[in-house]
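Asker: Sequence:
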Amino acid sequence: MRYRLVVFDWDGTIMDSTSLIAECIQLAAVDCALTPPSTEAAKHIIGLGIRDSVQFLFPNLNDAGLDAFAQRYRHHYLPRDSEVRLYEGIQTVLTNLAHDERFLAVATGKPRRGLERAFDHCGLRPHFHYTRCADEGWPKPHPDMLEKLMAFTGVEAAQTLMIGDTIHDLNMAASAGCDGLAVSYGAHAPATLTTVPHRAVLHSVEELAQWLKTHG
Numbered sequence: 001m002r003y004r005l006v007v008f009d010w011d012g013t014i015m016d017s018t019s020l021i022a023e024c025i026q027l028a029a030v031d032c033a034l035t036p037p038s039t040e041a042a043k044h045i046i047g048l049g050i051r052d053s054v055q056f057l058f059p060n061l062n063d064a065g066l067d068a069f070a071q072r073y074r075h076h077y078l079p080r081d082s083e084v085r086l087y088e089g090i091q092t093v094l095t096n097l098a099h100d101e102r103f104l105a106v107a108t109g110k111p112r113r114g115l116e117r118a119f120d121h122c123g124l125r126p127h128f129h130y131t132r133c134a135d136e137g138w139p140k141p142h143p144d145m146l147e148k149l150m151a152f153t154g155v156e157a158a159q160t161l162m163i164g165d166t167i168h169d170l171n172m173a174a175s176a177g178c179d180g181l182a183v184s185y186g187a188h189a190p191a192t193l194t195t196v197p198h199r200a201v202l203h204s205v206e207e208l209a210q211w212l213k214t215h216g
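Counted from 1, the sequence shown has number 95 at position 95 by this note's numbering; the numbering is strictly sequential.
Among the clues, some could well be false.
Unchecked claim - Listed next, the in silico EDC-like pairs over lysine to aspartate or glutamate satisfying Cα-Cα at most 20 Å (straight line):
| # | residue 1 | residue 2 |
| --- | --- | --- |
| 1 | Lys213 | Glu116 |
| 2 | Lys213 | Glu88 |
| 3 | Lys213 | Asp100 |
| 4 | Lys148 | Glu116 |
| 5 | Lys148 | Asp135 |
| 6 | Lys148 | Glu136 |
These are computed hints drawn from the structure, not numbers from a lab.
Just so you know, these numbers come straight off a predicted model, no measurement behind them.
When you get a sec, could you build the whole thing from the sequences and use the hints?
Answerer: Quick look at the structure:
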């Protein structure tokens, strides 16, 4: 076993939620009389945490504008949150990793309430030993979440793997001294993922399962 701690991103890695998130970002922009970003641009900021995401898209917004945007985003997203489904096969991947007696964790741009609500919907809470959310410290790509998870588990960076669908996940892993494994079925395209350090870019849950079996 190479990796004693395997950390998963949530949106776009475990949950098939990136299209809904992008749509709600666009709707919130319209509500706030802003030019809605393209779907690609909206997906690019997934994982950063809501305030950092909005600041990236609309750098001239003041604090009141950021708060208003976040409120309108939640207005559109929360009623549809229960529509989001797991990627097919991901639960089997998690179950197989758990049988290997290693630590499993989540590092997500969601706020804590959002992750707990997602756990309630999908039933995956028992699979994970630890979780960290964007509102509990520094959000991605700062290494804080991974550093906290390594401290909780006592696992060194060389034995930690971060799995995610964005360069924010991979940059966080690199900053923490961990390996980053990219999946391209979520928010960012392969051409984007390959611009930052990564062990591999995998294009399906099936490829992820095989890679972990062979290299994990």
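Asker: None of the hints should be skipped; say for each whether it holds.
Answerer: Evaluation of the provided hints:
The suggested pairing of Lys213 with Glu116 is violated, with an alpha-carbon distance near 29 Å, which exceeds 20 Å. Between Lys213 and Glu88 the alpha-carbon distance is near 18 Å, which keeps this suggested pair within the 20 Å criterion. Restraint check for Lys213 and Asp100: satisfied, since their Cα atoms lie roughly 10 Å apart, inside the 20 Å limit. Proximity of Lys148 to Glu116 is assessed by CA-CA distance (about 19 Å); at most 20 Å being required, the pair is judged to hold.
Using a Cα cut-off of 20 Å, the hinted pair Lys148 and Asp135 holds, with the two alpha carbons roughly 13 Å apart. Between Lys148 and Glu136, the direct Cα distance comes to roughly 10 Å. Compliance with the 20 Å bound is thereby established for this hinted pair.
Checked against the numbered hints given earlier, the structure breaks only hint 1 and satisfies all the rest.
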